[in-house]
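Asks: Below, each chain spelled out in residue letters.
There are 10 protein chains.
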Amino acid sequence: MPTQPSKNLETVPNPKPERDYEIEISTPEFTCVCPVTGQPDFATITIRYVPDQKIVELKSLKLYLWSYRNEGAFHEKVTNQILDDLVAAVDPRRATVIGDFNIRGGLHTVVKAEYTRE
Amino acid sequence: MPTQPSKNLETVPNPKPERDYEIEISTPEFTCVCPVTGQPDFATITIRYVPDQKIVELKSLKLYLWSYRNEGAFHEKVTNQILDDLVAAVDPRRATVIGDFNIRGGLHTVVKAEYTRE
Amino acid sequence: MPTQPSKNLETVPNPKPERDYEIEISTPEFTCVCPVTGQPDFATITIRYVPDQKIVELKSLKLYLWSYRNEGAFHEKVTNQILDDLVAAVDPRRATVIGDFNIRGGLHTVVKAEYTRE
Amino acid sequence: MPTQPSKNLETVPNPKPERDYEIEISTPEFTCVCPVTGQPDFATITIRYVPDQKIVELKSLKLYLWSYRNEGAFHEKVTNQILDDLVAAVDPRRATVIGDFNIRGGLHTVVKAEYTRE
Amino acid sequence: MPTQPSKNLETVPNPKPERDYEIEISTPEFTCVCPVTGQPDFATITIRYVPDQKIVELKSLKLYLWSYRNEGAFHEKVTNQILDDLVAAVDPRRATVIGDFNIRGGLHTVVKAEYTRE
Amino acid sequence: MPTQPSKNLETVPNPKPERDYEIEISTPEFTCVCPVTGQPDFATITIRYVPDQKIVELKSLKLYLWSYRNEGAFHEKVTNQILDDLVAAVDPRRATVIGDFNIRGGLHTVVKAEYTRE
Amino acid sequence: MPTQPSKNLETVPNPKPERDYEIEISTPEFTCVCPVTGQPDFATITIRYVPDQKIVELKSLKLYLWSYRNEGAFHEKVTNQILDDLVAAVDPRRATVIGDFNIRGGLHTVVKAEYTRE
Amino acid sequence: MPTQPSKNLETVPNPKPERDYEIEISTPEFTCVCPVTGQPDFATITIRYVPDQKIVELKSLKLYLWSYRNEGAFHEKVTNQILDDLVAAVDPRRATVIGDFNIRGGLHTVVKAEYTRE
Amino acid sequence: MPTQPSKNLETVPNPKPERDYEIEISTPEFTCVCPVTGQPDFATITIRYVPDQKIVELKSLKLYLWSYRNEGAFHEKVTNQILDDLVAAVDPRRATVIGDFNIRGGLHTVVKAEYTRE
Amino acid sequence: MPTQPSKNLETVPNPKPERDYEIEISTPEFTCVCPVTGQPDFATITIRYVPDQKIVELKSLKLYLWSYRNEGAFHEKVTNQILDDLVAAVDPRRATVIGDFNIRGGLHTVVKAEYTRE
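Protein chains in written order, with the numbering used here: chain F, 1 to 118; chain H, 1 to 118; chain Z, 1 to 118; chain W, 1 to 118; chain Y, 1 to 118; chain G, 1 to 118; chain R, 1 to 118; chain D, 1 to 118; chain L, 1 to 118; chain A, 1 to 118.
A couple of the hints might just be wrong.
[To be verified] Some, not all, of what chain G presents toward chain Y, calculated at C-beta under 8 Å:
1. S6
2. F42
3. W66
4. S67
5. R69
6. N102
7. G105
Hint data in this document are derived by calculation from the structure and do not stem from the laboratory. The beta-carbon is built from N, C-alpha and C at its ideal position, and this holds for glycine as well.
Next comes chain F alone, as it looks inside the complex (with noise of 0.2 Å):
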């Protein structure tokens, strides 16, 4: 049975809590839908951050992301959600989400959003 889409961030335990070290994960495979179109949209999502107590646990990152495959999402929107989700999930000490999105009527666009927590 195939493995299914999932909005669900799952996580493991960081190996190593008492260093500040930075993770970065990108991936070019990240389609949503225009909201105003209803056509595909394609970007490259990259996802940097410096864990406290919980890692992100690889596959359940590859099934959220495969999770907006369908839904409508303003570039701007989509990416502060994924670092919301990831804050949500993982608690880092800091985070970045950097989605560069495919041309569009000859613009490209990138959107970069950074957390710290305080």
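Please arrange chains H, Z, W, Y, G, R, D, L and A on chain F, whose structure you already have, making use of the hints.
Replies: Leaving out everything else, chains H, Z, W, Y, G, R, D, L and A in the frame of chain F:
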């Protein structure tokens, strides 16, 4: 009302049928579903052809490529299928389709199929 | 009826005004007219800003850039003008506009203007 | 008084007509108008030819390319038209014109037309 | 239970045997052992072939390349061996294997072997 | 008799301990085993440090990296482990280890860990 | 009558003196003469400055750079001279000149001089 | 006393006249003067030839290219002239000269002339 | 005791003499001495050949290239000499040697010599 | 009589000592000998400094780098030695030397040493 994906490749008359010339259309925005795992696959598709009486209409080509979004498709089969559909629709003098699929299991696969009218 | 060029930069509400995040929009499709020779100039325009309550609507930005097509514009002035118009329209927290102009007389000119709300 | 766009491709005598040699002229500064939407299109044009008795005068070529600025032009037609006009003006032994058009609807189109004097 | 390395290259039926088309599979994830020093060697392997009735199954190819991990293998021999095994397994019309080995002693070695069915 | 992999990082005296300077050693020749699937993983490892009294001996570093060849190792853990072992062996003033792991499941992961002596 | 090389850097009023912004002008078309051997030297010159009340007029800059064509000039001296002349002519808030000189005797030399108004 | 520019291309005996082999010499350090405007032009010159009994002496080639520094020269003519002079001096079996001229008026021009001894 | 430079190119038996295949070995680590000035020259050497019964042993090739370190050698002569020595040692079916020499006097020289057994 | 390698770094007066500016000289033409194996090592050396009263004379720098050709030199030591010799000779305000050594044993080593006058 949003435009819909469609298997129908529309054509317009070739503005210069008396000359052999080449049209190349490429896009990194192709996605289908792996028939084995049910998970998304991604590819860059390049179409190159020498038209005869008809050329492919670009918007219909976009909708055509969109139509694979939820279909299961093996790399080798889908590349040949796009070539077959292009040949059926525009009856070109020559045509090539290249499917450059993203890495799976550490392997990067590129399929290249060519057609020459006899 | 075709869409028209327009100086009117439209906005939509920022979906995440409580966070400082960055939006970068770039296009190689900018052309205006040299005020001295009357001949076309070409540039790549990059707009980068941190929105407050509003973000720029992409289609109106495209029409806005189109509005320079038949206007005479010096490199330094037009880059600052785009920044002024962006600031007036979206009232961002910070903004940068970069105009990277094609070679003229063997010289390659890049103008970079920044704005920070005080 | 500013120079004007012109369809007139002027020529000068080939300084070495007894030898087959190749001249390639390319520019990213080509813009015309989409006949369907009325919006600007952009392309890089490459012209490559083997002259016979005449070579194209560069300033007139610049004015010629400028003449498309406000004309509606399909990708395939305009590339062939430039080749036809070049052949008519300089009567070369061989000639190629390549129109590499910016991305529209996620699709990148390149048209390549060749001529050989028989 | 984890999958195991295997010399067994499995195949599936070619979905388009009536057409000559090309499949290229490449991976930077090849490692074997130097027969002289016993130390690890690393290479990028590229396999390109025109299938007849069978195409190689990708997962079995991955396990096949894995099978060299603990084997001693000279650059020239292993590249030819992969070609021989591919030919034996899928009986292609044409095939090429390229082994691009990492620098040893300041020398960068690339071995390229080709097969054509007679 | 061939050299053997070893966890023992040997050192030699720093020829210039009175100066803070940086040594960077990188290699694309790192492979370990995925603890979940038992299949090989591949990475480029970059080590950058400011030595104090000792510098790492290059041949022993090579044997050390080789020692992971048959070990199960998660991306985050192995990168931190290399940093810990380097710090234990050479007691540097500062050190960074970057593990740039090959794509798995469409995701490219880079782990970067830093150490500063207090 | 052809234009002449000239040491006279002309200026025009800064269209946006109330804002700190940056202008970068670069050209690979700089040549002077080696004072030792009398042979030609070649460099790429990059000028970057934040204007105050004046900006440099581009045509006069071209003629200025041309004026070095037959002058003997050491790398370090000519780079500083261009900066001095720019500062004298446009009185900028900040300015940088980079002279990137072609390889001589296997050595590639880049000189970078900066000015900040106090 | 400094070396002087010279039209005299000197030669030395080919050390291997019994074999057809190729010599390619390229330099970005070519400048002449536009015959129309009197302003400097710049180009990268590539010379490729199969020698017979003589090869060109490199220092004299440098002085030869220097000799164009103050001469008016059209792109097409100067490229053919260099080929003619090379052929006259070294009597090669085959020769090619490529003049890749810097952008003027937005146009990038490359001239390629070939010679084959009959 | 350290290994010594040597003109002796050693060979090992070709593991697949019944197939025409290609071996390419390249290195940026070639240096000799200019016979005119006595100063060091540097080059990247590429050797490409189709072996018959013998292949070159890599360590002896390294020592062979090392043997030029203190020898005076003109670009054209040394490239042909390496080809001659390779042909004498391994008696290949075809062979190519490319010497890509670092810039001297602004000129970049590449010599390419080929051999085909008759 | 050929020029000789020399440890003597000669200087000339800085033409602009009243300004802090940067000179960067780089060359891929550095070779020494591995003190362990006696075999040649190769590196790209980059020297960057802010001069005070003296600048390094380029020809003497070339002869200086040549002087390492037959000397045994560890990566870390030779990079620091070049920096020490530069500081002793030109007494700069700041200086950096980077030694980027070719791959040995699969490892690529870069050593970067900096000096600031107190």
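Asks: Tell me the hint numbers this structure goes against, listed in increasing order.
Replies: 1, 4 and 7
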